[in-house]
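Trainee: Build the full structure now, drawing on both the sequences and the hints.
The listed protein sequences correspond, in order, to chains W and Y.
Under my numbering, the letters of the first sequence match residues 28 to 384, in that order.
Under my numbering, the letters of the second sequence match residues -14 to 869, in that order.
Check before you lean on any hint, since a few could be wrong.
Here are the simulated distance ranges between beta carbons [to be verified]:
#1 W:D306 to Y:G771: 57 to 63 Å
#2 W:C235 to Y:A0: 48 to 54 Å
#3 W:D40 to Y:V540: 49 to 55 Å
#4 W:R123 to Y:V(-8): 54 to 60 Å
#5 W:E81 to Y:E479: 35 to 41 Å
The set of hints was computed from the structure by calculation and includes no laboratory data.
Virtual Cβ for every residue (Gly too), placed ideally from N, Cα, C.
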Amino acid sequence: MGFWKNQLTGPTDPATDAAWDTGKPRKGFFTDTSICIGCKACEVACKEWNAVPEDGLGLLGSSYDNTGALGASTWRHVAFVEQDGDRIATARESGRRLVDLGMPALRATAEAAGGSSDGSGVTDLRGATPTERTAVGQRESTGQPFQDGGSAGVAVAEAEIPDFRWLMSSDVCKHCTHAACLDVCPTGALFRTEFGTVVVQDDVCNGCGYCVAACPFGVIERRPGEDTVKNAGIAQKCTLCYDRIGHDQTPACAQACPTTSIKFGDLAQMQDAARERVDVLHDLGYPEARLYGANENDGVGGTGSVFLLLDEPEVYGLPPDPRVTTAALPDMFRKAGFAAVAMLGLAAASFVGGRRR
Amino acid sequence: MAECHPVGFQWVAEARRRGAKVIHIDPRFTRTSASADKHIPIRAGSDVVFLGALVNHVLAKELYFRDYVVAYTNASTLVNEDYRDTEALDGLFSGYDPEKGAYSLKSWAYETDGSDDQNRAGSVGEAGPEEHGAMKSDHSAGDQHGSGGPALEHAKVLRDETLQHPRTVFQILKRHYARYTPELVADTCGISVDDFHYVAKAITENSGRDRTTSWVYSVGWTQHTLGAQFIRTSAILQLLLGNMGRPGGGIMALRGHASIQGSTDIPTLYNILPGYLAMPMAGTHDTWEQYLDAIASKEQKGFWANADAYAVSLLKSWWGDTATAENNWCYDYLPRLSGPHGTYQTVMSMLEDEVEGYFLLGQNPAVGSAHGRMQRLGLSHLKWLVVRDLNLIESATFWKDGPEIATGELKTEDIQTEVFFLPPASHVEKAGTFTQTQRLLQWRHKAVAPPGDCQSELEFFYELGRRIRQKLKDSTDPRDRPLLDLTWDYPVDETGEIDPTAVLLEINGVHLTGADAGKPLDTYIDMRADGSTTGGCWIYTGVFGGGVNHAASRVPGREQNEVALDWGWAWPMNRRILYNRASADPDGKPWSERKAYVWWDEASGKWTGDDVPDFPVTTRPDYRPGEGTGGPQGLAGDDPFIMQADGKGWLFTPKGMLDGPLPTHYEPQESPVRNPLYAQQSNPARKVFPRKDNLWAPSAGAPGSEVYPYVFTTYRLTEHHTAGGMSRWLPYLAELQPEFFCEVSPELAAERGLENGGWATLVSARTAIEARVLVTERMTPMTIGGRTIHQIGLPYHWGVGSEALVTGDAANDLLGVALDPNVQIQESKVGSCDIKPGRRPRGEELLRLVAEYQSRSGTTVMTGNELDTTGADATDIDSTGQEH
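Mentor: So this is what it looks like as structure tokens:
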């Protein structure tokens, strides 16, 4: 049961679960948004290497972001967020609370805490009193937050809060430990690679679109367009450059990044680098720095793409507490089982009762 | 820098990771600001006030690096008695000639003891015949200083190392900047007193024996009627703080394209020859002797004194055996300049039908140059136009889809210009060098052959020359001799293309005689004026030293030290930091252990260190030349600025700058602000062109200035390249910034009813354009002289046409043409305009809108074009917006 449980939720090595025995370490990204300069070289390099078509020529009026979101023809997306001093103060306050919670920061699930089940775990905590937070934090639970504040304390002297800042962040497929897209794929077009990443086989996908609804991050999409468009109608997303990393090459986006904001390597090392970096930023007086996706106890079992953010995930267009749709599967089966047994019982009872009558 | 040079910015990011503080001073908040410790918005065009106030702060608080300043700069040099400062003449320096709108430079000269020549009247004049500033401006003489300072007749100057004499440069400097205070900065630049002190503290604490500060600039400083003086102010500051010639110091110019540095070293400019040798002027440099006298004096210090050897070697490279001592090395084969033939004057000549043909090589002036309308109308007067570009750019299609077709000003069937569109090889389809901003030549190998008929520039020009020579081969006309006598024979490589290493070798130069005949020169010091050497660009000599193409050196950084001498090759002599003798103290010892770089090694009797020493390698620190010794032997052991005529860093420029020996604040050609320092409103030596097609908004609160109340500035975005020829045709780049937009503050948006994502029409005294609106807090309104000044940001990548994936109105169409006098750079970083919601009118209606604005403002051909305004009745232009 444990084996099956791990395939649906919680910490695990997804490549092993997928029956790979190559012994290759799981690969992933660490995207450090604190040094992103918003050049979008990652977007262009990704498209060049993967021959992803142009994705529309409209001005969005959204700072310097004219890409909008990840999609079938956008596998890297750089968000541009303009913030005033008040918002920066709020970000710092929320970061400070994450640090106060300790590492790993815990979150109450609806079941464990008996609280709301809207999934916005961290947001729930924002309004809580310190006592409540402690109480919540002490509870053991199955689901944990996507963000964590790292292991170090906050520097005594915090950096001055500027009047304005411009956040830039390059988003990408998360290559989840428990990948909902893969779990729901009826054709086997989506598969887990020996590197623990999740890749679509274009020639197997039948375009059913189950994965699109399943992805808790809104990453995967079917490519719109006529037949002349490459892979039109087929589900498309980042492959973590499967065709490059298989030859010991760096994915195109990480290779192109001039400031090493996008780092690529063994996931364990990426997670370590991310934790070190968040500690450095805390020491420098930026408690707003936090990690996203580095917690293997979160709703998708941790991600293959780890991010260092300087504000709450929603600010960057990221879900605060995504959960793999299949995480509830055992519970659903259990409840369905109860229901079936109960119905059978009732049915049986009705017959029994009928006889009595 | 992050915005326009993201790849280079990785090193700034790295420096920051190691603890460097990064301050970004820019009218708008950019990607660079986002990655900096602090962003300080500044009013466009007010930089001399800001930098001058830093100079004043450093002087007044005695924060300058005294040992460095006394020994290595001209701070202690005396200026002659005739010099008068702007402080005395209300914004003019002595020597202003209102007739010519230019300065005579005589009165700015150094004082000399005059012991040997009573005719010199006690001042150090220039080498060769005295040339008026107006004449110098005609050939953009400032461009000649790309590799060293201007020539002086000798270096026998008077110095007072106590810095107390009232006519020392130091005291003049102090007086000149005394009124540049933090309060003036606040009121003129829009930078708060606190922010000023933040910068002042940061740079002074980070300069001295143990630390160095560097300044980085690009066209935000240069593209002004005062552009060269912006950089000069920074140079003064850096010399005072001891930040020149030292690791981590310097003033870094970021160039706008690959090899723009290369295209001034081996110039595509009208006024200089390779290696910054002057192009001869008709009437001034008629004879070889006149030319030699003008380019350098044998009595001045340093390596420019050998300019004759550089010039002869160049002529020998071009004309080979035909160039002999008897015919002055074919000096008379060189064309002579007859006036200013800069790009803007050439376009005006086109409009007069004085120019028949034009080559555009990877340039899109219909979009990228100031006053796009004038550019396009000029092109329509040509007989023929050759466009060599990767795409059918707007400059190649203006005759069918340009804005003037839409307004009816041009009719396709009336345009007689024959346009030839020729396909070029891209940078991966040809081999050769790029020279980047650090003067580093880097070889690039050809990755693939160019497709179809595409040719590299090398192939194209070789073939063009071959065909012209073929046509002329039977000519007996003497004017064809320069072409027929050219050395025009290059070996081909295995693919049948000209071997570009042969061209690099020609540039490097070879020995023609003696034991080494045929061997490449190792250094420019080997060049001779007797015809025994060749060399196409003396500063590049050594790139092929030892017969090795050093530009192709590729030793990875991890296998060498930080100076990385084995990656590429930097001119001159592979030096990575110029004037690096200054990294050691006068005794030749490093200023500090932390900043040790190049030093004197007593044991070996040589200069040594991490870099190639930029000094005569065996000249001892305590060496003092005999009276009157010129050239490299004239350099004292503590004269680190070896390309300056006196061996010193110039705080005050007795020669070389045409608009003043010290930078002084003047307002831009178009400005809503009255010059707070002087009656002289704008640079009195700037080049103006009073023409009906080049009108200006009234400035400084004069009546009509309220018609164009806002300041606009133009710039580039990461996603596009200049006029878009290499980016708007590429879907992956076009989609990232698909439409022309203007950036406005929320306050301006509220004032004018602009909506984010909506449309706006911008009107200048030249034309009107439309743009989508981005409302952003990255633009900051400023309080200047008690009034709110709004700045509007305009990226200039789009153009009107039908070939690109994304098109739009061109920001540069708003600009007029007014130039800096030193290098004839246009003022394209600041102008005045109005903005209102909605799209612009179409067709003739557009012309009516522009005319209506012009009429309402009362602008005339002379508006903004009065050069000397010191005599103007102050009340005329003092009715500023405060009263309105």
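Trainee: For each hint, tell me whether it holds in the structure or not.
Mentor: Tested hints:
| no. | hint | verdict |
| --- | --- | --- |
| 1 | W:D306 to Y:G771: 57 to 63 Å | violated (49 Å) |
| 2 | W:C235 to Y:A0: 48 to 54 Å | holds (51 Å) |
| 3 | W:D40 to Y:V540: 49 to 55 Å | violated (41 Å) |
| 4 | W:R123 to Y:V(-8): 54 to 60 Å | violated (36 Å) |
| 5 | W:E81 to Y:E479: 35 to 41 Å | holds (39 Å) |
In summary, the numbered hints that this structure violates are 1, 3 and 4.
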